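Colleague: Below are the chains, spelled out letter by letter.
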Amino acid sequence: MEIKEIQEEIIDEFSMFDDWMQRYEYMIELGKSLPLIKEEFKTDDNIIKGCQSKVWVHADLEDNKLIFTADSDAIITKGIIAILIRAFSNQKPQDILDADTQFIDEIGLKEHLSPTRANGLVSMIKQLKLYAVAYQTQIEE
Amino acid sequence: MLDIKKIREDFPILKREVNGKPLVYLDNAATSQTPQQVIDAIVDYYQNYNANIHRGVHTLSQEATDKYEQARIKIQKHFNAAKSYEIIFTSGTTHSINLVANGFSSLIKKGDEVIVSAMEHHSNIVPWQMLCERTGAILKVIPMNLEGELLMDVYEDLLSDKTKLVFCNHISNALGTINPIEEIIEKAHAVGAAVLIDGAQAAPHLVADVQALDVDFYTCSAHKICGPTGEGMLYGKEEWLNKLPPYQGGGEMIAEVTFEKTTYADLPHKFEAGTPNICGGIAFGAALDYMNAIGFEEIAKYEHELLEYATQELLKIEGLKIYGTAKNKTSVISFNIEGVHPYDMGSILDKLGIAVRTGHHCAQPIMDFFKIPGTVRASFAFYNTKEEVDVLVQGVLKAKSMLL
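As they're listed, the protein sequences go chains A and B.
Its first residue numbered 7, the first sequence is counted upward by one per residue in our numbering.
Its first residue numbered 3, the second sequence is counted upward by one per residue in our numbering.
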């Protein structure tokens, strides 16, 4: 599936809920299905700066597609990174770079985009895109 | 007895809703809310007599200067400073600390020692580290116990004739501990060291008498005492303020300027370069008037009741641990639930309209000491109620059930 289609799918799933509690509970559920980063990659270097909780992300290139794994010490953050990874993992770096993140807004998680959340979500998106830039350069070489 | 219902009427913001729920504001240690009386003082300034001060001969400038200097006197009286010019207007506690730390650069030499406490806010650690880097002085730390109380016997051992400055907060922002500053000051003076006390967290709860304390420097921020942000004060004993060189150069702080030499203005203007936050200073004075009209003794008594009630109710929750259990503390409760990240707890409480602080509270060394990533911190002011404590407890229970 393309990124856009996955994002639509996530929007559909979240549209079933009519209050924040259900959305958060679902997000916590999604966190449990997060493809976990290998312990050896859970280093301080892989911690995303600017989050109140610790978030580690790692990327591998397989068949010219990026496979993301991650973890966090906070459950809600884990859900957020799980949603992002579901949308962006197993995609070509260029497609990741071209993708927008409007869907975050549409699933009612906009508040996590604000700077008062210590830029957690913004920093996570930035980190995924940085991996995409790095691997895109590698592919072009 | 305080009429809390009536007091709450003074704070327009307390009527608002957050995420569809009535706001329960429990982040008072970060910033307090602003009563109408202070908002009115701010509006009055901009509507009626906004002008630059200390220079103009015109009426508006004179009115603004009078009000600004009256505010300085209000602050002087509040803290019982001997002279009004011992009160320096600053942009807040951080600014005040940097002013002193910078000034001590010229009074401290290699091998001298500066002592800070282990329960300091980042803004209280970094300026001293910078001072020590510049001068080659050594930074020493007074450790604390698991209750969050300073180890005073170790402090005594740290003091020597090399100690030039001791710095400590009056009350810890992360733990609420009221530190024994009388003893800290007395012992520092016995070895000839100066003492700067950070009163940012103390000023909303009690009145420090700088002469009785015999403290050399004392500082606080207006925005934690119902005043505006970007405004604060530094008290310094006259002899110390005369010893310290100016911090910033600019207008207001000079007596005469030629390209060959500048002579500096007298106190307090020597430390007040540039056009100050005039409105902020006046509103700071209005905030002190407001708090004093309610009465600090009554405030302290009521907040203590809130603290005891909240502590008792929160501790009924299984798995909840409170950090900072000093015998002598203010209405701050830092806590965690076993297995729950403070960020998760804070996010869910916010959804319920409850404002708490989560994270390391700009006091990472304290979090490292307790080996935790951070805490949830509920801090209470005199306008909070027992009903709000109940809402917090229910919120924590709800978050716990969602997260565990």
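Bear in mind the hints are in silico, worked out from the structure with no lab data behind them.
Since we're looking at a predicted model, the values are computed, not measured.
All C-beta atoms, glycine included, are put in the ideal place defined by N, C-alpha and C.
Don't take each hint at face value.
Under the rule of at most 30 Å between Cα atoms (straight-line distance), these lysine-lysine pairs were calculated in the DSSO-like manner [to be verified]: (1) B:K85 <-> A:K60; (2) A:K60 <-> B:K400; (3) A:K44 <-> B:K402; (4) A:K44 <-> A:K60; (5) B:K323 <-> B:K23.
Not the full set, but computed from the structure, chain A residues with beta-carbon under 7 Å of chain B [unchecked claim]: (6) D24; (7) W26; (8) Q28; (9) A80; (10) I81; (11) I82.
Colleague: Among the hints numbered above, which are violated by the structure, and what are their numbers in rising order?
Modeller: 1, 6, 8
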